[in-house]
Amino acid sequence: MKYRTTNSMQPRQRMAHPRQRGFVLVLGLWAAVIVLLLAGMLDSHVDARLEQARLIRLRIQDELDMLSTRNTLLYLLGTQRYTRAGLTTTAPGETQPDSTQDELRIDPIGGEIALDGSAYRGLGEVRFSLQDESGLIALNSESQVDLQRLLQVFDADEARVSRLLDALADYRDSNSLRRLDGAEAPEYAALSEPPPGNSALRSAVEITRVLGWREWLFARPGFRVHDWLSALRVAAFNPNVMPESLLAHLPGMDAEKAARIVALRREEPFRALPDFDMRTDVQLVWAEDQYRFFPSDTLQLRTWRQGASHANLLALQLTPLSQNGPWQITSSYRIRQGSQDDAHEAPSYLFSTRSMPAP
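For the sequence shown, my numbering assigns the number 363 to the last residue and increments by one with no breaks.
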């Protein structure tokens with residue numbers, strides 16, 4: 005006997021409600037959005053970490069280039085010699101005429117690094133300069149005439165200039181007797197300032213600790229302490245190494261005359277006072293015994309990154325006969341400086357990307 009099945013006996017097929025299908029679709033879209041957001045966040049995080057790693061690598065490379073440039077210059081200062089044009093950079097294997105009397109030869113041989121603060125390209129993005137301090141104004145000199153003349157170019161008030169000079173003299177001397185316009189420990193204490201050092205300044209930047217100087221310099225941003233002043237004890241005038249900016253601010257000088265002196269000494273450094281007088285036709289106020297035409301044994305070494313607003317300054321004294329080394333570091337600090345983008349190519353294979361010459 006056959007039975008006939010009816011539709012009622014077939015398995016019921018459950019049809020999804022339209023609202024349920026919409027919910028699943030929205031849920032899927034939300035999941036996709038969340039996945040995309042997470043992927044984007046992860047991608048941004050990875051990019052940020054990669055950029056951070058790149059910047060760290062660049063900073064480390066800059067520091068290595070800075071240190072290598074400084075040490076290369078110290079090596080040159082310890083192994084090379086001076087001429088009237090600056091520091092020689094003779095490569096291994098190079099010979100010069102009369103090499104047996106190198107120490108007696110002071111005429112330029114070509115390829116010297118100038119000692120007038122000119123900027124050079126070092127390793128990588130590093131720039132450097134060498135400044136012989138005999139071309140700067142000496143803060144520790146017994147005579148304050150040179151400093152007084154420079155101050156008067158920026159300040160016509162003689163009484164104010166006198167106070168600055170007396171305060172500097174009181175700061176340097178070892179006694180507690182106050183000069184007429186000076187300042188000793190009680191005057192510093194009254195203004196809650198540290199007492200005077202009662203000794204020679206160790207660096208030019210220490211001038212800002214002398215009473216009255218910080219305010220005076222702040223009011224005259226054109227006065228370049230780090231470029232024009234030194235902690236030397238002997239006043240001298242070396243036209244072969246004096247910075248062009250300082251030459252332009254000397255009494256009786258201007259920018260045009262300073263540029264002419266620089267151009268003449270680059271062509272041929274001055275030999276002596278008669279040579280200087282004949283070639284420049286400039287009358288300066290220094291005494292004849294103050295003139296120098298050969299570099300001294302004290303200089304400033306600066307290194308900085310291209311475009312940076314600060315530089316590392318190293319003050320050195322060369323001591324070739326000392327048992328403690330060929331140089332002594334007298335001070336080291338960071339300074340603010342202007343743009344120095346017009347750097348020259350350093351005349352030494354040690355700063356070149358090419359291989360070192362064969363001996």
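For the record, the hints were derived by calculation from the structure and aren't laboratory data. Each residue gets a CB set at the ideal place from its N, CA and C atoms; glycine is no exception. Heads up, a few of these hints could be off.
Claimed, not checked - Here are the computed distance ranges between Cβ atoms for each label pair:
1. Val-39 - Tyr-353: 26 to 36 Å
2. Tyr-353 - Ser-48: 22 to 32 Å
3. Glu-146 - Pro-199: 21 to 31 Å
4. Leu-41 - Thr-334: 55 to 65 Å
5. Arg-264 - Gln-156: 38 to 48 Å
6. Glu-272 - Ala-193: 24 to 34 Å
7. Ala-193 - Leu-54: 19 to 29 Å
8. Arg-213 - Gln-56: 17 to 27 Å
9. Gln-65 - Glu-146: 29 to 39 Å
10. Glu-146 - Glu-197: 53 to 63 Å
11. Thr-334 - Pro-199: 42 to 52 Å
Here is what the structure says about each hint:
1. Hint check: Val-39 to Tyr-353, Cβ distance near 58 Å, so the stated range 26 to 36 Å is violated.
2. At roughly 46 Å, the beta carbons of Tyr-353 and Ser-48 sit outside the given window of 22 to 32 Å.
3. A beta carbon spacing of about 22 Å between Glu-146 and Pro-199 agrees with the range 21 to 31 Å that was offered as a hint.
4. Checked against the given bound of 55 to 65 Å, the beta carbons of Leu-41 and Thr-334, roughly 60 Å apart, stay inside it.
5. Our hint of 38 to 48 Å for Arg-264 and Gln-156 is violated, since their Cβ atoms are close to 24 Å apart.
6. Taking the beta carbon of each, Glu-272 and Ala-193 are about 55 Å apart, not inside 24 to 34 Å as hinted.
7. Under the hint 19 to 29 Å, the C-beta atoms of Ala-193 and Leu-54, about 56 Å apart, miss the expected range.
8. Take Arg-213 and Gln-56: their Cβ atoms lie about 40 Å apart, and the range 17 to 27 Å is violated.
9. At roughly 47 Å, the beta carbons of Gln-65 and Glu-146 sit outside the given window of 29 to 39 Å.
10. With their beta carbons about 25 Å apart, Glu-146 and Glu-197 fall outside the hinted range of 53 to 63 Å.
11. About 23 Å separates the C-beta atoms of Thr-334 and Pro-199, a value inconsistent with the hinted range of 42 to 52 Å.
Of the numbered hints stated above, those contradicted by the structure are hints 1, 2, 5, 6, 7, 8, 9, 10, 11, listed in ascending order.
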